[in-house]
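On the provided structure of chain A, position chain B with the ligands as indicated by the hints.
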Amino acid sequence: MNLIEIDNLSVTFDTSDRVVRAVQGVSLSVARRESYGLVGESGSGKSTILRAICGLAPISGGTIRINGKPVPTPRGRAFSAQVQMVFQDPYASLHPRHTIDRTLSEPLAIHGLGNTDARVVKALTDVGLPPAFRFRFPHQLSGGQRQRVAIARALMLEPEILLLDEPTSALDASVQAETLNLLNRLRAERGLTFLMVSHDLAVIDHMCDRVLVMQHGRAVEELTREALAGAKMTTDYARTLFEASADRMLG
Amino acid sequence: MYKGRVVEELEAANLMQAKHPYTQGLLNCLPRIGGSRQPLPSLDRAAGWAE
Ligand SMILES: Nc1ncnc2c1ncn2[C@@H]1O[C@H](COP(=O)(O)OP(=O)(O)OP(=O)(O)O)[C@@H](O)[C@H]1O
Ligand SMILES: [Mg+2]
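Taken in sequence, the protein lines are chains A and B. In terms of the working numbering, the first sequence has 167 at position 60, counting the first letter as 1, and numbering is strictly consecutive. In terms of the working numbering, the second sequence has 650 at position 32, counting the first letter as 1, and numbering is strictly consecutive.
The shape of chain A in the complex, shown without the other chains (with noise of 0.2 Å):
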């Protein structure tokens, strides 16, 4: 059985002067432990679809299930324990006035988990930060520390999936890489599964087995990592984003 499966999603937004159709009809299914890859132009709905996942953007049809169950709404606790999401902007996903020890500790604390002070330090140098760092704000961070806070605040209930929304895009290429292969090791050591977005092709070669190539809120085209290494896609617009990506320009 597949940990994630989204059948015929469909998202619908009904704005006071216009109704967006963001995702429609859309399906796709992540085994457990595989690192699964959204790409597409911006507005094509991958965000969309991982926001649907958490119950932040409204579902007007089809299902999403976790581990076979169709997700509950409100997602609550196990949800959350199970599930969790990380942003492209560190700085907004984080509370400007809290420390890093109080962002780390509230998941800890609204889920009734003790041992706080261990579980923290723990945290921290799971993403290759010193301890002393519970003590800092976010703006006492550079960016690539924030979005390993991030990553960390995203792993202190231990859950199975990771939600990744573009969280290299806001970094330099040599934070990038360091962020990537963060996220790499912890996959390998934790059997984690990953739904990640990227609008960069190589970001979700580098990171997934499978990427379903989205466009105007539809699946275009799923590629196995081979195929989009072999340029083997079948729709035309897989292969107008293929040939516009970057480090094909690099040689």
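Treat the hints as calculated values from the structure; they're not laboratory data. Among the hints, a few may not be true.
One-sided excerpt, in silico: chain A residues whose CB lies under 8 Å from chain B [what the hints assert, rightly or not]:
hint	residue
1	281
2	287
3	288
Across the chosen pairs, the derived CB separations fall in these ranges [said to hold, decoys possible]:
hint	chain 1	residue 1	chain 2	residue 2	range
4	A	175	B	637	50 to 58 Å
5	A	229	B	637	37 to 45 Å
6	A	182	B	646	35 to 43 Å
7	A	249	B	642	17 to 25 Å
Remember, predicted model here, so these are calculated numbers, not experimental data. We put the CB at the ideal spot given by N, CA and C, even for glycine.
Here is chain B with the ligands on its own, set in the frame of chain A:
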């Protein structure tokens, strides 16, 4: 740029001809389609680049 200073300026299309070690280093850190799954190289930030 590195630490607020310009270290090199190039036409975007000539990026692979970058001479400065910082520019070359950054390009090295990028994943490539069909590339290896080994950990990506990252920069060893040499203090000299900022001088
Ligand atoms: N809360 C909202 N209310 C109305 N429209 C929304 C809302 N959130 C997203 N949309 C619209 O839904 C569509 C898909 O947005 P989404 O953020 O999923 O795109 P994306 O693929 O993640 O794009 P990007 O690469 O720019 O992050 C867009 O047209 C967007 O404007
Ligand atoms: Mg997005």
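Here is what the structure says about each hint:
{"no.": "1", "hint": "281", "result": "holds, 4 Å"}
{"no.": "2", "hint": "287", "result": "holds, 6 Å"}
{"no.": "3", "hint": "288", "result": "holds, 4 Å"}
{"no.": "4", "hint": "A/175 <-> B/637: 50 to 58 Å", "result": "holds, 56 Å"}
{"no.": "5", "hint": "A/229 <-> B/637: 37 to 45 Å", "result": "holds, 44 Å"}
{"no.": "6", "hint": "A/182 <-> B/646: 35 to 43 Å", "result": "holds, 41 Å"}
{"no.": "7", "hint": "A/249 <-> B/642: 17 to 25 Å", "result": "holds, 22 Å"}
Checked against the numbered hints given earlier, this structure breaks none of them.
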